[in-house]
Amino acid sequence: MSGKTVTRAQLGQAVYQEVGLSRNESAELLESVLAEMSSALARGETVKISSFGSFSVRQKGQRIGRNPKTGEEVPILPRKVLVFRPSQVLKSRINERMRPVVPPQE
Amino acid sequence: MTKSELIAWLAAANPHLYQRDVERIVTTIFDEITNALAVGDRVELRGFGAFSVKQRGARIGRNPRTGESVQVSEKFIPYFKTGKQIRDKLNSGS
Chain A
1 MSGKTVTRAQ LGQAVYQEVG LSRNESAELL ESVLAEMSSA LARGETVKIS
51 SFGSFSVRQK GQRIGRNPKT GEEVPILPRK VLVFRPSQVL KSRINERMRP
101 VVPPQE
Chain B
1 MTKSELIAWL AAANPHLYQR DVERIVTTIF DEITNALAVG DRVELRGFGA
51 FSVKQRGARI GRNPRTGESV QVSEKFIPYF KTGKQIRDKL NSGS
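Chains A and B supply the protein sequences, listed in that same order. Note that the working numbering gives residue 56 to position 56 of the first sequence, counting from 1, and the numbers run on in steps of one. Note that the working numbering gives residue 30 to position 30 of the second sequence, counting from 1, and the numbers run on in steps of one.
In isolation and in its complexed conformation, chain A is listed as follows (with noise of 0.2 Å):
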């Protein structure tokens, strides 16, 4: 593992070295593409990506939580959360390069 953090700025730059369009444009596009994911999602919408993933919005009921440091008792109310389902050709891409010399058993 790099670890290194990808950011805005260098899938912007991807897209602009993909496509003959000014960095502008490309930085803005991504958001664009980022802002309409947000709202389907916000829409209650389930957004499927083929060969990446799938993000959808489940609904969370209310449980009782605990103050970890006080012990007291304290609701958490019923909230959605975004759930993101990989992909098995995503799945099989991170292992394949992490993990390039494990002979398959059998």
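Be careful, since some hints might not be right.
Keeping only pairs whose Cα atoms sit at most 20 Å apart, straight-line, the calculated SDA-like set for lysine to any residue is [claimed, not checked]:
#1 A/4 to B/3
#2 B/3 to A/85
#3 A/80 to A/46
By construction, these hints were calculated from the structure, which means they are not laboratory data.
Got chain A; can you put chain B on it based on the hints?
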């Protein structure tokens, strides 16, 4: 929403772009995230969320049908942590 619907939406919002360029833009974004994760990098998109790779250690699994023990080797899984902004957006409505 699927990837093709996302592409169709982006194309409609940017009528000056060629359809094939819009497809390449969307594909490049997810390919870059995938490539970064494949070499063990993290991808952090403020407001949206962060993708990272987590390691699952080797363990002794069990075949649920036969009860037989099997060695499961270590593996890496992609993990997504939701960004604060999108988390708030999901819960602002109701």
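Okay, the hints, checked on the actual structure:
no., hint, result
1, A/4 to B/3, "27 Å, violated"
2, B/3 to A/85, "15 Å, holds"
3, A/80 to A/46, "13 Å, holds"
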